[in-house]
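Engineer: Which chain is which? The protein sequence lines are E and F, in order. With the first letter of the first sequence counted as 1, position 29 gets the number 29 in our numbering; the numbers rise by one all the way through. Plus 1000 on top of the position in the second sequence (first one is 1) and you've got our numbering.
Don't take each hint at face value.
[Said to hold, decoys possible] Derived contacts from chain F toward chain E, CB cut-off under 10 Å, selection only:
| # | residue |
| --- | --- |
| 1 | G1150 |
| 2 | A1278 |
| 3 | L1280 |
| 4 | N1306 |
| 5 | G1309 |
[Unchecked claim] Footprint (simulated), chain E over chain F, 3 or more residues, beta carbon under 8 Å:
| # | segment |
| --- | --- |
| 6 | 1048 to 1054 |
| 7 | 1129 to 1138 |
| 8 | 1281 to 1288 |
No wet-lab data here; the hints were simulated from the structure. Backbone N, C-alpha and C fix where the C-beta goes; we use that ideal spot for every residue, glycine too.
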Amino acid sequence: MAYKYCTATNWGKNFFTHEERKQFHLSGHAGDVWVVGDNLYGDQWIGKVSGAIKSKSEAQAIVTAEIEAAQAAYDALSAEEQSRQSRPAIYNLP
Amino acid sequence: MSKYKEIKGFKVQTLASDTAAPARNLGQVYFNSGSNAFKVTQQLAPTGTWSSGGALNTARYSAGGSGTQTAGLMAGGTPPGTLDNSEEYNGTSWAEGNNLVTGTQWFSMTGTQTATIGAGGFTPSITTNAQAYNGTSWTEVNNLNLARYGMGCFGISTSAIVAGGANPGTSPERRAETESWNGTCWSEVADLNEVKHSLGRAGLTGTAGLVMGGDPTTANTEVWNGTSWTEVANMNLARGTLTGNGTSTLALATGGSAATGIQATNESWNGTSWTELADLATARYNIQGSTFNSSNTAALVFGGLNPGGVQSATEEWNVPLTNKTITVS
């Protein structure tokens, strides 16, 4: 499946609708990065949310930087607090 | 003596046209006099999707969640520290409600927006504390017998169950104990078959419920019949720190953390088995939900944690309902 990548801030209700979720792939990631199915409906959604188009490598860099910041925050927690959550792990966007 | 209804059955309703509010007619057979056809309102479960809802005012995880998709409630959680504020959802946006008496994270909550009971968690130390909400304010009520966090919790403020959980100060740390709330006090009842914490849950009363998943990572599902727990079919994906929704026969299990990472996975329970349906848009664990929905056709999830940090996003689950013609040959 082909994807497009953008950044957009989720404003809440109707940022994405049930109908849109049926029409194209959509997944949200750290740093307000969205992976969007590459079809007409996905393009229309990116326009609706005023998404800033990114290349895959640009989007991955944003996600990785956010996760590295989250890892630093996790490492600063007490051992007890760390035991209640997982250390954020860097992953690759689809 | 038999009643007329038991001998002759129920009258089938006649409607001039298909019902405009199918959600109220789910499972009902009726006669459409316009098209001269018997019809039934069905749920098209595989076509359900998540849409975005109003964002929380305070992003958080490990909070308590209760209520319905259009009247939700969230309280406590973290960060920073141990939060005491609560928020109410009206189907569109979250508004601040009155604070908990005692700020709590890993708070196990169940009920409606106007009749919720919550118990256990960290305040910041592990606690037996329990608090009830009447739609306006929180009050302290009688404590649990066993301090713990991450219990499966279902029911309402007059009849509820908490099960499982963990207490770092006890041995074993992970627990199988179940406690029943009768509106006044907690009493110990039959244990879960498996020790676990951070489990999902579903159920509208303390006499019929479901728990699924949990840590250590399990796909196990157990049904509560008011007296004892029975193991039933496993979820397709073992995971903990997920949220549940619905009843013991129609439920959802959403999000969580699995061996393969943080999940957007969403599974539907039909009383017999689990089926994977459409994923959340944003994967997360330590997620909360308004679980007091009477079916698996409507749900609300919010907050949680993922590699990007603490979440404020809300997502709403809906399954289209349709009126189908009954064909006989």
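Engineer: Enumerate the violated hints, using their earlier numbering and listing them in ascending order.
Structural biologist: Those not satisfied come down to hint 7.
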